[in-house]
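Visitor: Given next are the chains, with one letter for each unit.
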Amino acid sequence: MEEKNKNSRRKFLDKGLKLGIVSAIGGLGLSKITSKLNATNTDGSGDKMELMTTDGTLIQVDSSEVIEIEHPTDHDKKYNVREGMPNRKFVMVVDLAKCTNELKCQESCNKNHYITGDNAWLKVYKMQESEKEAPYWMPTLCQHCDKPACVTVCPVDATFKRKDGLVLIDAERCIGCRFCMAACPYSVRVFNWSEPAQGEMSEITMHADMAQHTPSPEYAGMPSIKGTVDKCDFCPHQIHKKELPHCVAACPNDVFYFGDMYEDAVTNGSGQTVVLSKLLEERAGYKLLEGLGTAPSVFYLPPVDRLGDFEEGLENYNEFQSVKKPE
Amino acid sequence: MYTHKKIISDLAPKKFGKRDSIWTASLIVIVIVGIIAYIDQLIKGQEVTNMRDYALWGIYISNFVFFVATSFVGTVTVAILRLTNNSWRTPLVRIAEIISVAAIIMAGITIMIDMARPDRLLNLFIHARLQSPITWDVVIIPTYIVISLLLLYFPLIPDFAILKGHFKKKKPKLGKFYGKLALNWTGSKAQKLLQEKSIQILAIMIIPVGLLLQTIDAWLFSTTYRIGWDSTNFAPYFISGAFVAGVGSLITLIFIIRKAKKLENYITNHHFDKLGKLLVLACLIYLYFSINEYVIPLFTAKKGELTHLETLYSGTYSILFWAVTLLGLVLPIIILLFKAGRKPLPMFIIGLTVVVGAWWKRYLIVTPTLLHPFLPIQGVPESWHHYFPSLHEWLITIATLAMAFLIITILVRYLPVIPIQRTIDEQALLKTNNNPTES
Ligand code: SF4
Ligand code: SF4
Chain A
1 MEEKNKNSRR
11 KFLDKGLKLG
21 IVSAIGGLGL
31 SKITSKLNAT
41 NTDGSGDKME
51 LMTTDGTLIQ
61 VDSSEVIEIE
71 HPTDHDKKYN
81 VREGMPNRKF
91 VMVVDLAKCT
101 NELKCQESCN
111 KNHYITGDNA
121 WLKVYKMQES
131 EKEAPYWMPT
141 LCQHCDKPAC
151 VTVCPVDATF
161 KRKDGLVLID
171 AERCIGCRFC
181 MAACPYSVRV
191 FNWSEPAQGE
201 MSEITMHADM
211 AQHTPSPEYA
221 GMPSIKGTVD
231 KCDFCPHQIH
241 KKELPHCVAA
251 CPNDVFYFGD
261 MYEDAVTNGS
271 GQTVVLSKLL
281 EERAGYKLLE
291 GLGTAPSVFY
301 LPPVDRLGDF
311 EEGLENYNEF
321 QSVKKPE
Chain B
328 MYTHKKIISD
338 LAPKKFGKRD
348 SIWTASLIVI
358 VIVGIIAYID
368 QLIKGQEVTN
378 MRDYALWGIY
388 ISNFVFFVAT
398 SFVGTVTVAI
408 LRLTNNSWRT
418 PLVRIAEIIS
428 VAAIIMAGIT
438 IMIDMARPDR
448 LLNLFIHARL
458 QSPITWDVVI
468 IPTYIVISLL
478 LLYFPLIPDF
488 AILKGHFKKK
498 KPKLGKFYGK
508 LALNWTGSKA
518 QKLLQEKSIQ
528 ILAIMIIPVG
538 LLLQTIDAWL
548 FSTTYRIGWD
558 STNFAPYFIS
568 GAFVAGVGSL
578 ITLIFIIRKA
588 KKLENYITNH
598 HFDKLGKLLV
608 LACLIYLYFS
618 INEYVIPLFT
628 AKKGELTHLE
638 TLYSGTYSIL
648 FWAVTLLGLV
658 LPIIILLFKA
668 GRKPLPMFII
678 GLTVVVGAWW
688 KRYLIVTPTL
698 LHPFLPIQGV
708 PESWHHYFPS
718 LHEWLITIAT
728 LAMAFLIITI
738 LVRYLPVIPI
748 QRTIDEQALL
758 KTNNNPTES
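Line by line, the protein sequences are chains A and B.
Using my numbering, the letters of the first sequence correspond one by one to residues 1 to 327.
Using my numbering, the letters of the second sequence correspond one by one to residues 328 to 766.
In case anyone wonders, no lab produced these hints; they're calculated from the structure.
Where a beta carbon is used, it is the ideal one built from N, C-alpha and C, also for glycine.
Some hints here could point you the wrong way.
Derived contacts from chain B toward chain A, CB cut-off under 7 Å, selection only [unchecked claim]: (1) Q373; (2) L383; (3) R447; (4) H454; (5) S459; (6) Y552; (7) F701; (8) G706; (9) E753.
Derived, one-sided and incomplete: chain A residues facing chain B with beta-carbon distance under 7 Å [said to hold, decoys possible]: (10) Y79; (11) N80; (12) A134; (13) C154; (14) G176; (15) F191; (16) W193; (17) A197; (18) M222; (19) K325.
Extracted from the complex, chain B is given alone in its bound form:
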């Protein structure tokens, strides 16, 4: 049981410590290096990448798919936790929404990095053609960004009002800043009603939009004839994959934030236990669709399809494929089934492997298919038969990941990652229920 004062001072944003500053500074350096590499790419052309006429997409696209998938965490937490009014969600939802916002913004930026003529970006609007899945992306990504931002912002308003008071004397400037964001929030009944309603509407809206976002992402591939992409299973497969990537990244980041902000009293083992169960559920669903995608075709595969599957099972990509499948999917399921596996530290390690696995899985979706066209690859330099990202591609891709972390870091620095008002309200509720044992 904590007093209001303690809750507020525990949860209010705090100044960066030394470790935080070093972390942020290194992110900024990585981003700057990436920007320099990108400018070089703009000047010289995509020639600086290792993409060529056959491997015409590379890690920019798989990284894009990864970001889109990760941004799904906002939808998942809303659908599973907010709407069902799960009581254990309170300290988790805001972090999920922060990840979601960072990921979807970076998805938008990453797809532009892949465009060879970003100077003609406006053509996407001037000459937009409805039948192209890219146009659908142009519509859905900004929509998702807006909804995610609002869904992050609206629940924050009461907290901003609290922070305004909290910082009034100590840091008048910061207090004023929060005051502006609080939009004259007084906590009156009418205001509360309006806020609750708006959140409800957004929460209902984000579910179809989020599902559509993943689906369109899958359609980018399955609207082509390519072996390995031309699959009717692709949309649910992508959605379930996004579920895994999203929950995995949520667990990883919650562990880090809890440590960095010393929130052990608010995010407890109990929360990790619940999240672990959620991740098992996600992994099992994903496993189901993966079997549909990679095992069932073995029975009816035509020649080309079989070659494609063989490169995954025993060919060039087999090591990566099995690593991703076993370490990133099967092993987590087994470990998480045990209670000891759902303790914070093992969960962090599992979350990390799942996320890394999810990233490389996207690589496996994009690259092998492109290198197995219908007609044999002939008449081109030997190096065009393979693909591995160039230094430029790595620098830029790592910079996009660093930038996502940077966005998260800044948001975590200035926003209360755990809803203050809600925590206070819940405590009050507990008190009246006379059940002070749980925290």
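Pulled out of the complex, with its shape left as it was, chain A reads as follows:
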């Protein structure tokens, strides 16, 4: 497996290099063409157009200056796995006011990542800060910290931070020292203490899925490897398909929002997109254990004006189980 993967990685690098050269040459050609196009248009048509810049100011431009550019459809796929998708910065918002511990997020995450063992990557905590405060449900997953403690301590660079914000694990490299687990203040990392019995999650789908899958840090749990660490990967495999991470899509209460900080937009499971900065400001968004300085990429909205009763969630609460085993 390791050998095969190395090969495929080499191939990938090879391809990446070639693509890079081709696009560089292509880019040169394109810029020549556009300069020619522009040259024919220099006299200007006199028609003015109103446009809005990214910071919201209205400007006027001569309409002849405006050229339609084609959106690159595949720019999310051409990059180094360790570098990340260019010009993106993924964030998540968790609205604690809406969570009623339905655990659909956890189920979906467990199923789609073939999580085995006893400890799920996404957990819903029963929280109560003090006796005077009302209890609430708090979903937790890897916070994809901008100053990740786990990455600092890893001796072999098996867990790494990408420019697009994701913290991923190369399970083919991990030596199983568990230092990262000791370092993570959010206790979100899980270990494959034995040979992962992933088949028990979903025998048929797994074999079909994994057959044509090359292991990559971008799809954790595909497969899980004995003696290495796993955790939430923020689902880059879903992002490629232009879909939301499994938990976001599965939540019936729209607790999760996922999006890009550079676009200042996050989308919830029902497909509503909102302005991130506005949401955080209006709802007093905060980060978990912010004082530690880990700078998480996950924001929390406080559990005020609750959607449902806390008690409703107790029905699903199970102290001992976060990974549902097949019957």
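Let chain A serve as the given structure and place chain B with the ligands on it in line with the hints.
Guide: Relative to chain A, chain B with the ligands alone:
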């Protein structure tokens, strides 16, 4: 006053007696059982341990920290005894260096036992990342092993030359073996100068390396955010703890070796008295840093910290905590302050309690902290809320301890544990000083 002949025949390595053979054989059996358990762990995975996602480190790590701490004895004896040229050190330093070598080798092996993917050991070099304290360990431990080995070997060279002559007729094979190790030693002035210089350089080198080793060990913990580890006091605390563990194990082993090899004439009550004073000093320094670590935080502790301290003072770990603190630290200080307490037998008992206490202290450093993460432990089986080592962990850990004893036993069997040449030289010096009363 002894003649050269008597000194040599007293101090030259002797064949194992029956008792020694039984001892060695039992060590080998324990090691083999441990290896079998380890192979089982390799096949089944760390699942055979009782470590889980919360108690993600266990006695493998605390045992590792213990070995690293014990290996500090080499540095201490060099720093305090060799460099200051204390005259009473002669019969003690070599034993200290033997312990140091055995302990640091076992530390290296123990940390690999904890690794879940030892097959990827090379990744530590191929993909080494400088900012991880583990990488610093990968550098410092081999360095310390090399320096300790050389520091054991260089002073041995003249003794090997003596042994070569001693065994020439009786056991030509053994004599030849020592001859090879003696590297053409003739005892000429130039050779002596070179040897002395090399030892001096090593002795100066081992001090910063030894201190660094303990410091890095502390940083393994204090570079995390965890309550109970995230302490700026940790490095000096570890160094002082290592001082205690090292001197404690030295006293214990010296007592055993003296008995087994009948060295009462060479290692006297006087030596124990001095060592006792050294141990008191070590314990007092350790007590000082322990107060810094466990008492002072009480005044400013935040909620999480307080819970952590409470589990030690009155909670789940209180019995162990107080046993380790009172029996392993306070009581030894009190007993050792009296002259009668510094006699060989009481010293042996104290040394043993101190070492056992030091081992469990490392357990208390690792385990309680892991079981008090920032977020509450939820959604995992009940058994994950606690940690106590499994049978596999015990078998393997005991095997590592047995292996350390085995290394020491073999070295003690084949090396003169008390430097022969030096003892002869010192006797000669005494004679010329016309002061033949002391031995
Ligand atoms: S939450 Fe933990 S595992 Fe995730 S990036 Fe932060 S420190 Fe690393
Ligand atoms: S367990 Fe793996 S990912 Fe974690 S620190 Fe060790 S090598 Fe890195």
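Visitor: Taking the least C-beta to C-beta distance, is E753 (chain B) closer than 7 Å to chain A?
Guide: With a closest approach of 47 Å, the E753 (chain B) hint is violated.
Visitor: With chain A as the partner, please determine if L383 (chain B) meets the hint condition of a C-beta pair closer than 7 Å.
Guide: 5 Å, holds
Visitor: Holds or violated: F191 (chain A) as interface residue toward chain B, Cβ cutoff 7 Å?
Guide: At 6 Å from the nearest chain B Cβ, F191 (chain A) passes the 7 Å test, so the hint holds.
Visitor: Closer than 7 Å between Cβ atoms is the bar; does A197 (chain A) clear it against chain B? Give me holds or violated.
Guide: Hint violated; A197 (chain A) Cβ to chain B Cβ min 11 Å, cut 7 Å.
Visitor: If you take the shortest Cβ to Cβ gap from G176 (chain A) to chain B, is it below 7 Å?
Guide: 3 Å, holds
Visitor: Does M222 (chain A) pass the interface hint, meaning its C-beta sits closer than 7 Å to a C-beta of chain B?
Guide: 19 Å, violated
Visitor: Go through the hint on S459 (chain B) and say holds or violated, using the shortest Cβ distance to chain A against 7 Å.
Guide: 4 Å, holds
Visitor: Holds or violated: the hint that Q373 (chain B) contacts chain A, with Cβ atoms closer than 7 Å.
Guide: Since the shortest Cβ distance to chain A is 5 Å, the answer is holds.
Visitor: Quick one, is the K325 (chain A) hint okay against chain B at 7 Å, beta carbons?
Guide: Violated: closest Cβ of chain B sits about 12 Å from K325 (chain A), beyond 7 Å.
Visitor: Tell me if the interface restraint on F701 (chain B) is satisfied: Cβ within less than 7 Å of some Cβ in chain A.
Guide: It holds, given that the least Cβ distance between F701 (chain B) and chain A is near 5 Å, below 7 Å.
Visitor: Have a go at the A134 (chain A) hint: is there a Cβ in chain B nearer than 7 Å to its own Cβ?
Guide: Violated: closest Cβ of chain B sits about 17 Å from A134 (chain A), beyond 7 Å.
Visitor: Mind checking the CB of Y79 (chain A) against every CB in chain B and telling me if the closest is under 7 Å?
Guide: 21 Å, violated
Hints 9, 10, 11, 12, 17, 18, 19, counting from the list given before, are not met by this structure.
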